[in-house]
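Asks: Listed here are the chains, written in short residue letters.
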Amino acid sequence: EDQVTQSPEALRLQEGESSSLNCSYTVSGLRGLFWYRQDPGKGPEFLFTLYSAGEEKEKERLKATLTKKESFLHITAPKPEDSATYLCAVQAGYTGANSKLTFGKGITLSVRP
Amino acid sequence: DSGVTQTPKHLITATGQRVTLRCSPRSGDLSVYWYQQSLDQGLQFLIQYYNGEERAKGNILERFSAQQFPDLHSELNLSSLELGDSALYFCASSVRYGGEQFFGPGTRLTVL
Numbered sequence: 001e002d003q004v005t006q007s008p009e010a011l012r013l014q015e016g017e018s019s020s021l022n023c024s025y026t027v028s029g030l031r032g033l034f035w036y037r038q039d040p041g042k043g044p045e046f047l048f049t050l051y052s053a054g055e056e057k058e059k060e061r062l063k064a065t066l067t068k069k070e071s072f073l074h075i076t077a078p079k080p081e082d083s084a085t086y087l088c089a090v091q092a093g094y095t096g097a098n099s100k101l102t103f104g105k106g107i108t109l110s111v112r113p
Numbered sequence: 001d002s003g004v005t006q007t008p009k010h011l012i013t014a015t016g017q018r019v020t021l022r023c024s025p026r027s028g029d030l031s032v033y034w035y036q037q038s039l040d041q042g043l044q045f046l047i048q049y050y051n052g053e054e055r056a057k058g059n060i061l062e063r064f065s066a067q068q069f070p071d072l073h074s075e076l077n078l079s080s081l082e083l084g085d086s087a088l089y090f091c092a093s094s095v096r097y098g099g100e101q102f103f104g105p106g107t108r109l110t111v112l
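Heads up: the sequence lines are chains A and B, in that order.
When we follow my numbering, the leftmost residue of the first sequence carries the number 1, and every step to the right adds one.
When we follow my numbering, the leftmost residue of the second sequence carries the number 1, and every step to the right adds one.
Some hints could be false.
[To be verified] DSS-like mimics (lysine-lysine), calculated; alpha carbons at most 27 angstroms apart, straight line:
(1) 57(A) with 68(A)
(2) 57(B) with 59(A)
(3) 105(A) with 57(B)
(4) 105(A) with 57(A)
(5) 68(A) with 42(A)
(6) 57(A) with 69(A)
(7) 42(A) with 57(B)
(8) 63(A) with 57(B)
Calculated from the structure, these hints are not laboratory results.
The following block holds chain A by itself, in its conformation from the complex:
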């Protein structure tokens, strides 16, 4: 069974204090690893897709990286508006139940001004 573990559960940073969020996964055959941002009471907002080990994607202050066992979401010089829950999900295939996303429980990030 596919599993996704995110750590830490919560992270409090001072504005400008860079850090990394971890996502460890176990999947039979990874087709994609996804990062989403979710604000309270809202739907997850797509951030990145990573397909193979060594791949990196960047968007503003966020950079996602992927190895064969884990992914990191690096946040450089965060601002208070980066406060949200960050979700990691894996996809094991492109057909049937394999195309579903298996999510971790998320990391709640708070950035203090």
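With chain A held as given, fit chain B onto it using these hints.
Replies: Frame of chain A, contents of chain B only:
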């Protein structure tokens, strides 16, 4: 705005009742997924439809059912509601089976 719409935003009902949640996917997307999000379980996959046909089921209760219509919108029907069914219900759509899924704003269901 992801382009996925869901109605209603909030739903408050009593135990034993039946409700219907509606989802319209992004224009051009053929695949619709339904997820349930509760505080203790996180986001859990319920069911997937592709171009009108059911393609995959997750841990969906027998009291729950769904369908996708010819115009590609989808409905999730929840019946004999219990207190534990209170949660956020999201639908997501994608162009095909794999790849990115784009989520709607969700329906918050409260069962009293």
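Asks: Against each hint, give a clear statement of whether it holds in the structure.
Replies: To see whether the hints hold, each was checked on the structure:
1. For the given pair, residue 57(A) sits about 16 angstroms from residue 68(A) by alpha-carbon distance, which is consistent with the 27 angstroms threshold.
2. Between residue 57(B) and residue 59(A), the direct Cα distance comes to roughly 34 angstroms. Violation of the 27 angstroms bound is thereby established for this hinted pair.
3. A C-alpha spacing of about 21 angstroms is found between residue 105(A) and residue 57(B), which places the hinted pair at or below 27 angstroms, so the restraint holds.
4. For the hint pairing residue 105(A) with residue 57(A), the CA-to-CA distance comes to about 22 angstroms; that is within 27 angstroms, so the pair holds.
5. About 31 angstroms separates the Cα atoms of residue 68(A) and residue 42(A), which puts this hinted pair outside 27 angstroms; it is violated.
6. Of the pairs offered as hints, the one joining residue 57(A) and residue 69(A) holds, with about 17 angstroms between alpha carbons and a cut-off of 27 angstroms not exceeded.
7. The straight-line distance between the Cα atoms of residue 42(A) and residue 57(B) is roughly 24 angstroms, inside the 27 angstroms bound, and the hint therefore holds.
8. With a CA separation close to 33 angstroms, the supplied pair residue 63(A) and residue 57(B) exceeds the 27 angstroms bound.
Violated hints, in rising order: 2, 5 and 8; the structure is consistent with all others.
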